[in-house]
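Chain by chain, the residues:
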Amino acid sequence: MTPLTAFTLLAAALFAMGLYAVLARRNLIAMLIGIELMLNAASLNALAFGRYGALVDVDPALAAVSGQLLALFIIGLAAAEAAIALAIILAVHRHRQSVDVDALDTLQG
Amino acid sequence: MSVVTLVLMALCLLGALVAVSVRDIVHAIFGLATALLALAGLFTTLGSPFVGAMEVLIYVGGISVAMIFAVMLSPQAGKGLRETPARRFGAAVIAALFFAGTGLALLNDTPVADSPEAPGVFAPAALGHALLGDWLIAFEVLSLVLLLAIIGAVLIAVREAPARDPAAPQNSQAATGEKVAP
Amino acid sequence: MAFALLRRHATAAASVVIASGAVTALATLWLLLETPAVDSKIWPWLTLGQTELGFGVLLDARARLMGAVVGVITLCVQVYSTGYMAHDPGRGRFFALLALFEWAMLGFAYSPNLLQAFIFWELVGLASFFLIGFWYQRPEAIAAAKKAFIMTRIGDVAMLVGLVLLFTLAHTLDIRESLAAVAETARQFPRSHALIEVIAALLFVGIIGKSAQFPLHTWLPDAMAGPTPVSALLHSATMVAAGVFLFARFEELFLLAPITRNVALALTAFTALFAALLAAVQDDIKRVWAYSSISQLGTMLAGLAAAGLSAGLFHLTTHAAFKALLFLSAGALIHHHGTQDLRALGQAGARRDRLTMLGILVGGAALAGIPGFAGFASKEAVLTVVHGVPGRAAALGFALLVAGAGVTAYYVGRVVFLLLRPPNPALAHADDAGHAPHAHAEHHPPTFWMLAAILTLSALTLALVFAGPSIAALIGQPLPELALSHAIPGLSAVVIGLALATFDFGRRSAGASLLERIGPLHRALKAGFYLDAIYEKVVVGAALAVARALHVIEARVLDAAGDLTGRFTLGMGEGTSRGQSGQLQRYIGVAAVLLAMVALWLGFAR
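Protein chains in written order, with our numbering: chain A, 60 to 168; chain B, 1417 to 1598; chain C, 749 to 1354.
Only chain A is shown next, with the shape it has when bound in the complex (with noise of 0.2 Å):
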């Protein structure tokens, strides 16, 4: 097994393991939890790529660089999001007293 194989299937394991959190988890910062497990392993892909690189046609360098850049991204969109779904929780939580998931459900047709 390469490097790159290996890491690519620790991306899938994390990818795998955060949807299950979003989808069998209750509790709202739990599912927030799988989300951040995903993204990271959006991220490992990322360096992973860059550093086992693939781009051959492009100049080494900027291709390390582009998949340090992707990573830097994503780490800062999450950043983001986890500050808008934290936010959102506790508006939730103010106002539901509760985070469970399954309380919320004002869009059943």
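These are computed hints drawn from the structure, not numbers from a lab. There could be a bad hint or two in this list.
Said to hold, decoys possible - If you want a taste of the chain A side facing chain B, the calculated C-beta under 7 Å gives, among others:
| id | residue |
| --- | --- |
| 1 | 64 |
| 2 | 85 |
| 3 | 101 |
| 4 | 127 |
| 5 | 162 |
Unchecked claim - Under 8 Å between C-beta atoms, here's a sample of chain C residues computed to sit facing chain A:
| id | residue |
| --- | --- |
| 6 | 1317 |
| 7 | 1337 |
| 8 | 1340 |
Idealized CB from N, CA, C, for every residue including glycine.
Based on these hints, arrange chains B and C on the given structure of chain A.
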């Protein structure tokens, strides 16, 4: 792959497992922090110490702490909610099927599975030049997004605070009046 | 090409618009005088099949001439408007709309392909809609704006069909390529002439609407409800000129369609006489100029239809200058005296506004076609071209145009004499009762900038008499020689018209005018030959009848079908709604299952 890398990978998986499985939210957040710390280490072994440092600063130092604050601010949030076994099982099956599919695809068919390690020097200076050069617009837009997210988060969290309530000023006046009266 | 929409800061808006207007005027003039290195540039926008859609500029001689006319006239009008609109609360919006108008017109003039031309053509119509209805508090302004928009839309539909047909024939949107393709088709397949005739006829209907030719002309006089600078712009360089320019742009196409050309020639020449007659009985100075515009546009289009590209465009240029001048001068008088009625203006002492009257005199002389003024040269060029065309339609057109020229001289004389008539205290009150009140409650003498615009346009009008040969050289088609024998009919018509006007209005003791003595004709003319009434009865009546019939059908048949459809949809909706649990994780779960299926497909199937 060095032993360090393998240990970090195992730590990462373990932390993630804790993060998604334990019922207590604070414990889950610590699991997430562990996984992300290990991941930061992996980033460093991948030749990106700067990204690793950012990961530690933002995720471990920022987001995880913010989550703990959220738990502290909303007492209900810290309580683990019990999920039915069927629910956990269904979610686990979907996640496992996803992992199986991606894993097989990666093992069999990754077109870049054998590509060599890039020899680049991962100087933060190069990163800075790229950020403020070719990617300047994306960089600036991202900063705008962050600013808006902060403003939006504050707005959402503050919206129903008592101070914004139309009745609030009267109440506070009455309260002060009562205080002054004795 | 600037578009600034500043509402709050009117002065800032005006300065921005005028500055950009000046830049635009200079740029268009530079384009006119310097032959640009590239004559067309197209930025691709999107590709549909084999058709490339692009936006760009086509800088051939016609476009450059038109662009310069638009740029210069618009600048004058904008400068003038600083004075005229100084007391209007909506002047920021006004200037923004002026800029939009200019931008749309320039975009149309320079447009290299059919689609862009059509888009900007409609933008011109839209901008004029806003400007005519600028004083939206007044119902008649709204009505006039709607009328202008709808009447021109009638033509636009025909034009759109024509453009689509042209595209199916030529398989390209590029104007020059499509013209070349049409010429090629006509050469190879003689039977395709019928199709070309149809395309030309449809395009011509569009022109009729935009350039207010008979029978779609009735919107233009009503468009006077807009501010006077708008009328000046509308009637000289932009809106109505768009139609003429469209004809010039597709001149090659029309040359291949002899039937359409002859019909167009006769119809436009008829419009020239008809509208001139109507102009001769109007009491509102703006309506006089409005009908005169229709008449002059007819003259231009007749020249173009007679294959006189240079002559038609030359007349377009001179007309743009002197009609803008006439409107701006009239606007200055209205601004000063607070009435639009000719006699009332004369009584109020219009003759004392010497500079403004100079503008009216110069513009009027050009309009009447007095030798030595711009209008004479271009009008005679058109007449000569029309005279040179063989056939009965052209002969009829020539006769009508000559008669129109005579009537034009007559009504110009009428306006000038009525305005110059010294105030008569005995008459003042009798006349005051009749005229319609004008929006300007306060009366202001014209400002420096208004006079500057008028004087500039006067000078321009005087100078343009020499522009004929250079325009001809630019277009690449020489103007016809002005033979004395051809000029005699036109000239004598002018002389007769002026003489009659002098006889009717030039005397202090003038009684009823010639036209007023022929009672029925006068009444018919006053009512615009009852066209509005006829439209009201026939068109609106027919539309109502159709609507009633449709209503019955709708109530009996369609509603039942509609109800059925509604109940079905409702049932479907309720069924679907039950599937919506509102549970976030079920939704995510569905997405995740699909994601897992994609992953499995990636893992196993490949």
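Hint by hint, here is what the structure shows:
no.	hint	in the structure
1	64	holds (6 Å)
2	85	holds (4 Å)
3	101	violated (12 Å)
4	127	holds (5 Å)
5	162	violated (10 Å)
6	1317	violated (15 Å)
7	1337	holds (6 Å)
8	1340	holds (6 Å)
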